[in-house]
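Once you have looked at the hints, place chain B on chain A.
What follows is each chain in one-letter form.
Number of protein chains: 2
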Amino acid sequence: MSFSIADAAQQAKKAARQVANLNAEQKNQLLVDIAEALSVNTPSILAANEKDLAAGKENNLDAAMLDRLALDPSRIQGIADAVVEIAGQVDPVGNISSIQRMPSGIQVGKMRIPLGVIAMIYESRPNVTIDAAALCLKAGNAVILRGGKEALHSNLALAECIKSALAKHNIDPAAVVVIPDTDRAVMNELMTLNESIDLIIPRGGEGLIRFVSENSRIPVIQHFKGVCHLYIDSDADQVKGLNILKNGKTQRTGVCNSLETLVVHKDVAESFLPKAAAMLAEHNTVIHACENSIGYFSGAQAATVDDWHAEYLAMEIAVRVVDDFEQAIEHIEEYSSGHTEVIVSQDYSKTQEFIRRINSAVVMANASSRFSDGGQLGLGAEIGISTSKLHAYGPMGAESLTTEKFIVMGDGEVRS
Amino acid sequence: MSFSIADAAQQAKKAARQVANLNAEQKNQLLVDIAEALSVNTPSILAANEKDLAAGKENNLDAAMLDRLALDPSRIQGIADAVVEIAGQVDPVGNISSIQRMPSGIQVGKMRIPLGVIAMIYESRPNVTIDAAALCLKAGNAVILRGGKEALHSNLALAECIKSALAKHNIDPAAVVVIPDTDRAVMNELMTLNESIDLIIPRGGEGLIRFVSENSRIPVIQHFKGVCHLYIDSDADQVKGLNILKNGKTQRTGVCNSLETLVVHKDVAESFLPKAAAMLAEHNTVIHACENSIGYFSGAQAATVDDWHAEYLAMEIAVRVVDDFEQAIEHIEEYSSGHTEVIVSQDYSKTQEFIRRINSAVVMANASSRFSDGGQLGLGAEIGISTSKLHAYGPMGAESLTTEKFIVMGDGEVRS
Numbered sequence: 001m002s003f004s005i006a007d008a009a010q011q012a013k014k015a016a017r018q019v020a021n022l023n024a025e026q027k028n029q030l031l032v033d034i035a036e037a038l039s040v041n042t043p044s045i046l047a048a049n050e051k052d053l054a055a056g057k058e059n060n061l062d063a064a065m066l067d068r069l070a071l072d073p074s075r076i077q078g079i080a081d082a083v084v085e086i087a088g089q090v091d092p093v094g095n096i097s098s099i100q101r102m103p104s105g106i107q108v109g110k111m112r113i114p115l116g117v118i119a120m121i122y123e124s125r126p127n128v129t130i131d132a133a134a135l136c137l138k139a140g141n142a143v144i145l146r147g148g149k150e151a152l153h154s155n156l157a158l159a160e161c162i163k164s165a166l167a168k169h170n171i172d173p174a175a176v177v178v179i180p181d182t183d184r185a186v187m188n189e190l191m192t193l194n195e196s197i198d199l200i201i202p203r204g205g206e207g208l209i210r211f212v213s214e215n216s217r218i219p220v221i222q223h224f225k226g227v228c229h230l231y232i233d234s235d236a237d238q239v240k241g242l243n244i245l246k247n248g249k250t251q252r253t254g255v256c257n258s259l260e261t262l263v264v265h266k267d268v269a270e271s272f273l274p275k276a277a278a279m280l281a282e283h284n285t286v287i288h289a290c291e292n293s294i295g296y297f298s299g300a301q302a303a304t305v306d307d308w309h310a311e312y313l314a315m316e317i318a319v320r321v322v323d324d325f326e327q328a329i330e331h332i333e334e335y336s337s338g339h340t341e342v343i344v345s346q347d348y349s350k351t352q353e354f355i356r357r358i359n360s361a362v363v364m365a366n367a368s369s370r371f372s373d374g375g376q377l378g379l380g381a382e383i384g385i386s387t388s389k390l391h392a393y394g395p396m397g398a399e400s401l402t403t404e405k406f407i408v409m410g411d412g413e414v415r416s
Numbered sequence: 001m002s003f004s005i006a007d008a009a010q011q012a013k014k015a016a017r018q019v020a021n022l023n024a025e026q027k028n029q030l031l032v033d034i035a036e037a038l039s040v041n042t043p044s045i046l047a048a049n050e051k052d053l054a055a056g057k058e059n060n061l062d063a064a065m066l067d068r069l070a071l072d073p074s075r076i077q078g079i080a081d082a083v084v085e086i087a088g089q090v091d092p093v094g095n096i097s098s099i100q101r102m103p104s105g106i107q108v109g110k111m112r113i114p115l116g117v118i119a120m121i122y123e124s125r126p127n128v129t130i131d132a133a134a135l136c137l138k139a140g141n142a143v144i145l146r147g148g149k150e151a152l153h154s155n156l157a158l159a160e161c162i163k164s165a166l167a168k169h170n171i172d173p174a175a176v177v178v179i180p181d182t183d184r185a186v187m188n189e190l191m192t193l194n195e196s197i198d199l200i201i202p203r204g205g206e207g208l209i210r211f212v213s214e215n216s217r218i219p220v221i222q223h224f225k226g227v228c229h230l231y232i233d234s235d236a237d238q239v240k241g242l243n244i245l246k247n248g249k250t251q252r253t254g255v256c257n258s259l260e261t262l263v264v265h266k267d268v269a270e271s272f273l274p275k276a277a278a279m280l281a282e283h284n285t286v287i288h289a290c291e292n293s294i295g296y297f298s299g300a301q302a303a304t305v306d307d308w309h310a311e312y313l314a315m316e317i318a319v320r321v322v323d324d325f326e327q328a329i330e331h332i333e334e335y336s337s338g339h340t341e342v343i344v345s346q347d348y349s350k351t352q353e354f355i356r357r358i359n360s361a362v363v364m365a366n367a368s369s370r371f372s373d374g375g376q377l378g379l380g381a382e383i384g385i386s387t388s389k390l391h392a393y394g395p396m397g398a399e400s401l402t403t404e405k406f407i408v409m410g411d412g413e414v415r416s
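In order, the protein sequence lines correspond to chains A and B.
full-length UniProt numbering applies: residue 1 is where the first sequence begins, and numbers increase by one.
full-length UniProt numbering applies: residue 1 is where the second sequence begins, and numbers increase by one.
In isolation and in its complexed conformation, chain A is listed as follows (with noise of 0.2 Å):
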């Protein structure tokens, strides 16, 4: 019998209803039972992953890929203990809001609740199926999961794992659904699907964040890309900039909360930017620098306008001189992907318009843009990182995964 995405898509959606009417205590002992089976099931998940890594040799997966897919008991024992900290977390459903009294006399307030089913569509990565689903289930949703086809089997052993522990509670096994074909046929189908699905949540390259973003009537949660600036005022305390310049472009370069361009105020320029270059050297990184800032770097090639869009993502950044505050605004407000924003400076007034003006998810004063993750920044686990605004913006915790229905609660009121 061939798998129909439709009808899980509903089975999903029913079960939805069972999900968001757990407490929190039946949810967290569900997590900590999906971490139990996975230290259990631990022998077959590597069997399976051992066949998804043969599969991936013979297709000449590159080693970095390879790398991503491989599980081995530590990884396995890391996700485990990613869900149970999961399970420790506050239950973002049920809250309620300040209860205001109306005019009327009914009482006005918001419960949090869940959103439903929201599918997930991701890469290699087979962490990705519990990771998501443990933060799915804490906030109350049912989840689809359309990993990709080098992680199969993989991914349907850690299922199993998740299916005992539904099992053992009781909720339905439709709660989460680990679609069992990777054909593209069936993932474009689900797009469709918005009857039954709430929200879709694209993780990986910017080619299946924007395949998906075009083709889904489901909303979608986008992230494509971190350029992020650092901008050293006038005023900067040049050793907390130069700090937060090395912690930023150097400690790990292939992720969205790393530094790309360097923005510096023509009155510091002389006095900082050589103790940046010679830190840079060091790290071996290629600079890219506008004509005010070039002089300052041996070997750095003219920066382009192409330079202020890229997120390199590699030991490289791009620098620029501004005249003044207003000047690096522009810039940022320009070449900003809405991600997060830097700026280092003990001027008081500065650090707060910069705060208020730059509207990117994440802004900071005197702060490393590395700091812009979900553990960091006190969410807990996070299913990814917004650069879009409607919903939820900058890393998605499992509060983002909720949203607020109005409750009223009156005496026999009717409208006049």
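By construction, these hints were calculated from the structure, which means they are not laboratory data.
A virtual CB, placed ideally from N, CA and C, is assigned to each residue, including glycine.
Heads up, a few of these hints could be off.
If you anchor each label on the Cβ, the simulated ranges turn out as follows [as the list claims (entries may be wrong)]:
| no. | chain 1 | residue 1 | chain 2 | residue 2 | range |
| --- | --- | --- | --- | --- | --- |
| 1 | B | 239 | A | 97 | 28 to 36 Å |
| 2 | A | 192 | B | 100 | 39 to 47 Å |
| 3 | B | 75 | A | 215 | 42 to 50 Å |
| 4 | B | 375 | A | 173 | 42 to 50 Å |
| 5 | B | 3 | A | 189 | 32 to 40 Å |
| 6 | B | 292 | A | 81 | 51 to 59 Å |
| 7 | A | 74 | B | 26 | 51 to 59 Å |
| 8 | B | 281 | A | 210 | 57 to 65 Å |
| 9 | A | 97 | B | 357 | 13 to 21 Å |
| 10 | A | 352 | B | 100 | 13 to 21 Å |
| 11 | A | 284 | B | 88 | 55 to 63 Å |
| 12 | A | 78 | B | 88 | 50 to 58 Å |
| 13 | A | 267 | B | 73 | 57 to 65 Å |
Coordinates of chain B only, in the frame set by chain A:
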């Protein structure tokens, strides 16, 4: 020179930055000046409206449509008064929610910010032009307005009032675009401009909303229909129940918060339904009743599945008797449009459970569904009602036209 929606949207995006940076007082003064311009320019607005009405009569628009289209001095004053009221509301932008200190030392909060550029697509009521512009500006957004072709002259005359107020405050006129071309091609192109426009709100018939939802690459706030349920529990105070039924069904039938289905617990069918039947008969209400309730109504038709789904928007109601509380929940979950549902019961636990379990946008205990409205729920003016859960759910006021960014205040912290 012909109108280019792509250019207009790009200019609106630029203007949005300026509007986002206006403070509360500047925005409120702008709104007051728009209201004043409406009063001053009443003669020219009426002259433009005359043209639309004449064309409408020539094109055989029906009386209801001509009435929606028509302006007179008191309607214009009403529109102006609504703008002044919006000016008086609390500013939704700039609020910072509780700032927490993280283990790393950084302080993390969230600040409310405008969405950017909002497009409204609506039908014949010219008041929407001003209401929508005022709410979008209040929330710090630029706005693109595309009204129906029947109201084009009126809308352009209203736009002049906005333009004069923007000019007085030196605000980029691109902040409010009234599209001067009601060609379908312009709307189709608008829906592709996801680089410039952040949100589309269609207001009008189901056909319009469905068309926009299925064709837009920009997120859409959907409001399909309101199939509102009233459940009379076995522990209901029947006087309250009857008042709430009367208010919900008979006060205004053409609105989405009117009642469409009455669900009654079997234990009180015999005591409640005769009173309900008498009251509904006084209002000449057409009844579609289930087999267990049809005997209480003279001249009732047998209800079909279509009746459970129906939004009558008329003096017409579906009636169902259920065996118990659980079956009432099931019926509502199955047929709800996600708008508004009401329980009437004196039993504390059942009201709490109803409010917790029914995940419609507005859930009420012992109050009339007619309160499901932005003004009545304390939001002030309303830009629409969302029956989809993403971003906004239920009546939307100015705050629904904003989002939140993360703000981080550090003192040189870097990530370890």
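These are the hints, each one checked on the structure:
Between residue 239(B) and residue 97(A) the C-beta distance comes to about 32 Å, which sits within the given range of 28 to 36 Å. Checked against the hint of 39 to 47 Å, the pair residue 192(A) and residue 100(B) passes, with Cβ atoms roughly 41 Å apart. Between residue 75(B) and residue 215(A), the C-beta spacing of about 44 Å keeps the proposed range 42 to 50 Å intact. For residue 375(B) paired with residue 173(A), a C-beta distance near 45 Å keeps the hint of 42 to 50 Å intact.
Take residue 3(B) and residue 189(A): their Cβ atoms lie about 38 Å apart, and the range 32 to 40 Å holds. The hinted window of 51 to 59 Å between residue 292(B) and residue 81(A) holds, with their beta carbons roughly 55 Å apart. Evaluation of the 51 to 59 Å hint for residue 74(A) and residue 26(B) yields a pass: the beta carbon distance comes to about 58 Å. Checking the proposed 57 to 65 Å range against residue 281(B) and residue 210(A) shows it holds: the Cβ atoms sit about 59 Å from each other.
Roughly 19 Å separates the CB atoms of residue 97(A) and residue 357(B), a value that falls within the hinted 13 to 21 Å. At roughly 19 Å, the beta-carbon separation of residue 352(A) and residue 100(B) lies within the given 13 to 21 Å, and the hint holds. Distance hint check: the CB atoms of residue 284(A) and residue 88(B) are about 60 Å apart, consistent with the given range 55 to 63 Å. Distance hint check for residue 78(A) and residue 88(B): the Cβ-Cβ separation is about 54 Å, which falls inside the suggested range of 50 to 58 Å.
Separation of residue 267(A) from residue 73(B) is about 59 Å and conforms to the stated range, judged on CB atoms against 57 to 65 Å.
The structure fails none of the hints (numbered hints given earlier).
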